[in-house]
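One-letter residues, chain by chain:
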Amino acid sequence: MANPRLNLDAFLFGGDYNPDQWLKYPDVLQEDLRLMTLSHTNAVSLGIFAWATLEPEEGKFNFDWMDERMDSLHKNGQKVILATPSGAKPNWMAYKYEEIRRVDSEGRREGQGGRHNHCMTSPVYREKVTQMNTLLAERYKDHPALLMWHISNEYGGYCYCDLCMAEFRSWLQKKYGTLDQLNESWWCNFWSHTFTDWSQVQSIDGTVNGMLVDWRRFMTEQVADFIEVECAPIRRISPDKPVTANFMTLFNDYDYWELAKRLDVISWDAYPQWHQHDDTHVAVSTAFVHDQYRAMKPDRPWLLMECTPSVTNWQAHCRPKRNDMHMLTGLQAVAHGSDAVLHFQFRKGRGSCEQHHGAFVDHTGDENNRVFREVTKLGKTLVDIKELIGVVEPASAAVVFDWPNRWAIDGAAGPRNANKDYEQTCIEWYRPLWEAGVATHIIDQTGDLSGYKLVIAPMSYMIRDGFADRVTKFVEEGGVFVTTYLSGWVDETTLAYTTGFPGPLRKLLGIWAEEMDILLDNTAQTILPDANALGLCQSYKCQHYAEIIHLEGAEAVAVYGEDYYSGQPAITVNNVGAGKAIFVASRSTGALTNDVVNNLISETGLQRAVEEIPKGVNVQKRGNALIAINLNSTLTPFDLDGNWTNLVDGAEVSNGLVMQPYGSAVLVPKR
Amino acid sequence: MANPRLNLDAFLFGGDYNPDQWLKYPDVLQEDLRLMTLSHTNAVSLGIFAWATLEPEEGKFNFDWMDERMDSLHKNGQKVILATPSGAKPNWMAYKYEEIRRVDSEGRREGQGGRHNHCMTSPVYREKVTQMNTLLAERYKDHPALLMWHISNEYGGYCYCDLCMAEFRSWLQKKYGTLDQLNESWWCNFWSHTFTDWSQVQSIDGTVNGMLVDWRRFMTEQVADFIEVECAPIRRISPDKPVTANFMTLFNDYDYWELAKRLDVISWDAYPQWHQHDDTHVAVSTAFVHDQYRAMKPDRPWLLMECTPSVTNWQAHCRPKRNDMHMLTGLQAVAHGSDAVLHFQFRKGRGSCEQHHGAFVDHTGDENNRVFREVTKLGKTLVDIKELIGVVEPASAAVVFDWPNRWAIDGAAGPRNANKDYEQTCIEWYRPLWEAGVATHIIDQTGDLSGYKLVIAPMSYMIRDGFADRVTKFVEEGGVFVTTYLSGWVDETTLAYTTGFPGPLRKLLGIWAEEMDILLDNTAQTILPDANALGLCQSYKCQHYAEIIHLEGAEAVAVYGEDYYSGQPAITVNNVGAGKAIFVASRSTGALTNDVVNNLISETGLQRAVEEIPKGVNVQKRGNALIAINLNSTLTPFDLDGNWTNLVDGAEVSNGLVMQPYGSAVLVPKR
Amino acid sequence: MANPRLNLDAFLFGGDYNPDQWLKYPDVLQEDLRLMTLSHTNAVSLGIFAWATLEPEEGKFNFDWMDERMDSLHKNGQKVILATPSGAKPNWMAYKYEEIRRVDSEGRREGQGGRHNHCMTSPVYREKVTQMNTLLAERYKDHPALLMWHISNEYGGYCYCDLCMAEFRSWLQKKYGTLDQLNESWWCNFWSHTFTDWSQVQSIDGTVNGMLVDWRRFMTEQVADFIEVECAPIRRISPDKPVTANFMTLFNDYDYWELAKRLDVISWDAYPQWHQHDDTHVAVSTAFVHDQYRAMKPDRPWLLMECTPSVTNWQAHCRPKRNDMHMLTGLQAVAHGSDAVLHFQFRKGRGSCEQHHGAFVDHTGDENNRVFREVTKLGKTLVDIKELIGVVEPASAAVVFDWPNRWAIDGAAGPRNANKDYEQTCIEWYRPLWEAGVATHIIDQTGDLSGYKLVIAPMSYMIRDGFADRVTKFVEEGGVFVTTYLSGWVDETTLAYTTGFPGPLRKLLGIWAEEMDILLDNTAQTILPDANALGLCQSYKCQHYAEIIHLEGAEAVAVYGEDYYSGQPAITVNNVGAGKAIFVASRSTGALTNDVVNNLISETGLQRAVEEIPKGVNVQKRGNALIAINLNSTLTPFDLDGNWTNLVDGAEVSNGLVMQPYGSAVLVPKR
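Protein chains in written order, with this note's numbering: chain A, 1 to 671; chain B, 672 to 1342; chain C, 1343 to 2013.
Calculated directly from the structure, the hints in this document are not laboratory data.
No experiment lies behind these values; they were computed from the predicted model shown.
Please note that a few of the clues may not be correct.
Stated by the list, open to error - Below, simulated SDA-like cross-link-like pairs (lysine to any residue); rule was C-alpha separation at most 20 angstroms, straight line:
hint	chain 1	residue 1	chain 2	residue 2
1	A	Lys60	B	Ser870
2	A	Lys96	B	Ser870
3	A	Lys24	B	Asp1162
4	B	Lys1292	B	Gly1321
5	A	Lys24	B	Gly1321
Isolated chain A (complex conformation) (with noise of 0.2 angstroms):
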């Protein structure tokens, strides 16, 4: 694959562009350009949901409106990033050919309606996406304002049709060779589940653990290969426009290490709930996901590629961002290496679902209100920080996220089966990096660890074929590598380790673990250090998880204070080569991680954004400048040595600065 890269001289301003909901309204399109240019609009992405529009009939293809659009733009100034329509399909295809149409996993047909629930296996809609993206590659492919490729939109969903479930079959067939096999790895002889057959696979079986996550890791390849199937027309006739997808959160239905191997760049949809709980809550959570984009390809920026400018339409409570939000939005994304800022949409539609949805132009259509002026100053800062494109800040640290392990947590019944909250204790071991400004990479377990100091991977249930190996070898070279409860407990299969838990990571973390402990809600252990140890300065209440285990080389830095296994080990260091691996026994988030995290930054000489930060203020490096977010609603001192320049207002900053409520600032060293 090329891997074409973008290369921009500016950060892309705009989002999804959808005129297709205004063709019969010249005037309407008309003014579009007009506002673009108001608000800094550089950008647009183009037809995402246009299959009805571009094919109205089967065969009958209208490309005029989009050959208008793409010249308009062009002659305007935006960038195109043009999408592939195959996210919505139109109505006469999916009742002309029903295999398009997905079956749930109680064996029925859908109706149409919604998005993103095409059958991702069936032929005709493979060949229905061939053709159409065909058309669209030779017909654009040297048009001036295209810019990228958007494959698709927010793929998502399993389909259970009996096309699916022959690829299963047949996918099950090369991964295990054998019925023997495949028996023995998901452990069918128990509950006589012993598969005969190949066509004896015709439904998914929730008990079976090992099949679930297969079916799970199925349904991501199903994916990624209808992304190469979307994918092969475009790389063929437009092999130098790079290509993406956009991607979901922590989306559980696939693995998206798989499908970034597809793209070329990295594009995620953000939409943080603010103005909620606790803000702070929500901003680490979103941090912790561009951290993982970054690192799925860090060698090259990634894409903020949609956010709301105000309002989401389908939260309990869609609360408007307040003034200057917005920009922290955008800049925290710009911090975290993002090149874009984009949105959806540009226009609000004026019915069904998304009407109530954010948008740059309102229903009245004009530029006077307080959203079209908060979107306008964010595309005006993206212009005057442009020295910050294309930068990629390297990262010493990292947490393991990973989505097999993920699915085998979720899918195994015991040892707990209330608050597993995998995702959210990666984000706890996370925040510390955060607050800290430690530039951190969120990774899977098949991520190269060589190039980091301190790697965190908390929760390893499943151990994938090779981590151990090379997070031993991490910690012989020097690294410092933490886990804690609840891993080495099953391999890729889901099949337990006979070996002792945590099974191939006993002997680095030179402990074993005999039972697990389940504290109900609303109880805890306590953790009592010993002084000095691993920077641990007080006792700490642990919930949920307490693993009880026995020191094998290790050293305990902290034993239980309570129950029968009071006084047993709950914190563990073994120094292997020249470095430690630390287990974390028992769950226990926000002191304990905090203390735990920071030791370690200091102990492995990971570099902080800066020294000293105030509470609900977050700064990260990028390149050499310092971006700073303040998520408090009140004023707030920074005190920052030396003499800075901020680019958000162009002020000159000395003795520190004063942070508005939802404030940001850009501070790069004084020219």
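Given the coordinates of chain A, assemble chains B and C onto it according to the supplied hints.
Positioned in the frame of chain A, the structure of chains B and C alone reads:
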């Protein structure tokens, strides 16, 4: 339509009578007559679920038992409200003609069971109903016991079968003419939902709000059409007898205003949940519905067709009515214009679903119990107040509660998806009128406004064709119009107005609504009024919705107290012609609605039933009578000027009275 | 039926053994034998899920592995409880014979997956089971390891396929004879549900409670019949070995009393949820079930067929048993008459659903862990107390818990639809008997009452045929009978009694129940007793239900304190013949049940295990042994007169003992 009236000389008292449960027990049938006499029963609804008894096999009819009952009832002094039995199709029919059983939204044909579950479209069922109703009408049209016709029972629910979908397509073709118009109205070009052939309308897409609202309109039409089918033979053969169908509160499935047009008399089934949490809230909610049905045929009384003599059997907690609460329930209906207090049911059945639902006659079959005594007391009272029969109290105030608007609000994605509470908000605005005993109509947006002085239309999200014009004329001619946040957002097809919210009401209200802030549950904004304006005398807490508006001619009489729109208008008054148009931008009920509405009552000279009413007591006027109910569980003194006779107990009242717990009074000027 | 007994010389100790998971691992199989010996395992349940291994292809059988295991186990000293494998049908069968897979209540044929999901009616499955069971019986009938037969596993669930519905129709025809009788019994003439042809019974109508209860009765019969099919070859070929099937707590789907008739020995699977909220509540609930199974075959011990050695894998919070809690669990079963403590399972499987369920042998495969040690300690104790084997403790008290009554209550609409809590109420009335260590049976309404002094039948809503007569005779002959609110409302077919509630118990109880007040959750009535009556010594709070009753011969020993029925009887006693019948009109547990039952224990001369028991300790008598368990997590002094030997630790006990946290003791008179 002839639209015949009831010409009653007594309040109807009695209820559903299902002797088809007891045909094997002649003693029971005989005893029924004695107990009817004893309880003052003068009317029964006969045959509601009798189809299986009337036609036990296809084409084999058995009317003998009904002949006998009609004759016996007549001889015993009871009038008969004769039901068509379509509310419960018999088993033989359900299985012989599968098309009669409904198909649910996921395409599954229902099994037989329950009731109220036939397809409204099925030609077979329409034919069967026509045959049955013809036979009933021919047989009983001249029976001296026959008072009126009771069409089916509590119509409800949707069917998604092929027959219904085909009719829906025809209905759409008639409504929209072209697919182009359909696509525009539903905004189908977004998400590629464009219909290119009518046949593509095959299932209801919940993401297309226009489609969803039209589906509900269509289902309303289909039921209205079914009612016409039911009524055709009756109106042809028995034209002098009025026709009713029993409605249910604010039942969401159909727009009752459309159904009402097909009926001669309005009736409904009221099951207020007394003794649960707040009886006053229950009372005002019930009164709201009463006043809606009063408004549907304002030239004539309506009928309380069902209530329970004691308990229901379907609530989580089926609490018996305390002493006198049943009297209160009945007299509250009379106070709001009912000429009947009818019940479900006369005698408890021994088995099946409603065996534990309250009835006049308990399983013991005799009169020796509290419930029978309470019922009989009410029966007697209705005799004593017969001078109120037929009296219609005119209303000068109206609250607008509109079905299509409600559907549009409920189906909209955003701006808030929790606690939309349209119904409840209408009731809260109605409450001060009810508390003051101001005769009020609950109308929909199609209502004639010319007779009112005050019209309150909360949350008029959808403005139906003609409504804005009628409101404007109403205000110009001196009326006072109140509306709130979330008004004037979309048109009849749910397309957003592009002229600035509140759309066609913008000029009338003299404001422009730029943004909607959404408050989290359990948080509040503050509304700070000008002194003396509009009766506003304190600061008010508001919640859920806070629309951010600008003055365009109106005067701000209150402003917001917090957040980024602090100081911006929260309540405005615009003087137009001889009247005024008031906009309340945020949700604030209780103190605020109380102060505003009471101010407007005085200002517009609306007539209070009495000037001072103690807390927990409600008084309504009907003709020259005051009907008072005490919702307190304690003795409550009620000061009242003048000399009155209390028809309930015959007492003379001169220095006011002390109301018993849950007591009622019907006061007429002393003779 | 021969009804053979077990003639044991040791408590059965061991559990489910599934070597079919490990056939590829001969070392594991060998190691199993060593670990069995080490843990005192003397019995295993073999082959429960082994169908796919026994018959991997249709007609191709493989018993070699089972032969080997039977021989090895025998040589190693373990007895085998040999299972029929019908609890988990193999994949090949599920797909070749679709009829075996169940159809759900909405008509969908299930996919293959899980277990316990075959159609009980399917002729194919019955044929397959007959063939398999014949082969097993023939092959192993004379094997020296064979102890008894274990039929299937945890039968459960309903099937709604055409085959089942056809059988249901036949069952109804046999039961009711005529449609007329059916219609009358189910009260079908209401809501036009009249059946005019048997073929119209095609789906279960949840609004017809009589149908719903009959459906459950039929499903019970269908499973009973299936059990007979399973047992036929076994009883023919291996008639001297007893047959059991493992039951589950108070499992709702089937009336276990009917199934019990088909079995020789009762066994059940107990998974008490220790260490969650209230261990005493868990202990009494478990004891209640123990005492039910003890009562099902009162002439012989029952078997604890499954429990977990440590954790389950399916609870929200799977808490490990604290030290000694497993001993407590096992000895509690022994205390209530079990001659076995068997477990699921011997060795943890590596994958699939139950991989994390506790087992004797952990994934590590060795004995070096706490769980194995705890298990072994119990195994040893069972050896030490072998003098208790076979001892049956007679019971003079009984609590009635009845399946059809429960179904009738649950399916009834009204008088209350939240917190009906029949099971819990029965347990609350049982609790004082358990606390006093009074040997008690939990029986159903069909039970013989002649051996008891005290019978408590709470919430006897449905009075099954003959029950009222038996109760009356019981009281006349000197027994004390207690029942409560909601009793005597309906007959066997759920038809309400027309003779006044409590129906056929009205005369015996000497009261008439006129009305039922339903109290809102979190509100209470008050019960005020006469001084000294029935042990009632204070005022009591009551909730949920408050029946309003009148005396007809009984004496009121307590009255209500509030509301419109204040002063009316709340608790009554009626002296009849040599005994008395007590009615408790409202729900009041804790203090009230404690006072009443303790008073009746004394009055009827029931034998307490010991007179004074410390809080949290429970003592039951079995033969001349006292078995004491300490549910406190703290040391608990237990004063006890006399000189005893504690078989658990061999200690001599003369001035009482101090019980360890979760400690147990088996005390026999000092030798």
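20 angstroms Cα cutoff - pair Lys24 of chain A, Asp1162 of chain B: Holds, at about 19 angstroms.
With a cut-off of 20 angstroms on the C-alpha distance, tell me whether Lys96 of chain A and Ser870 of chain B pass. holds (11 angstroms)
Straight-line alpha-carbon gap Lys60 of chain A to Ser870 of chain B, limit 20 angstroms: Within the cut-off at roughly 19 angstroms; holds.
For the pair we were handed, Lys1292 of chain B and Gly1321 of chain B, check the Cα-Cα distance against 20 angstroms. Within the cut-off at roughly 19 angstroms; holds.
Keeping to a limit of 20 angstroms between CA atoms, is the pair of Lys24 of chain A and Gly1321 of chain B held or broken? violated (73 angstroms)
Of the numbered hints listed earlier, the single one contradicted by the structure is hint 5.
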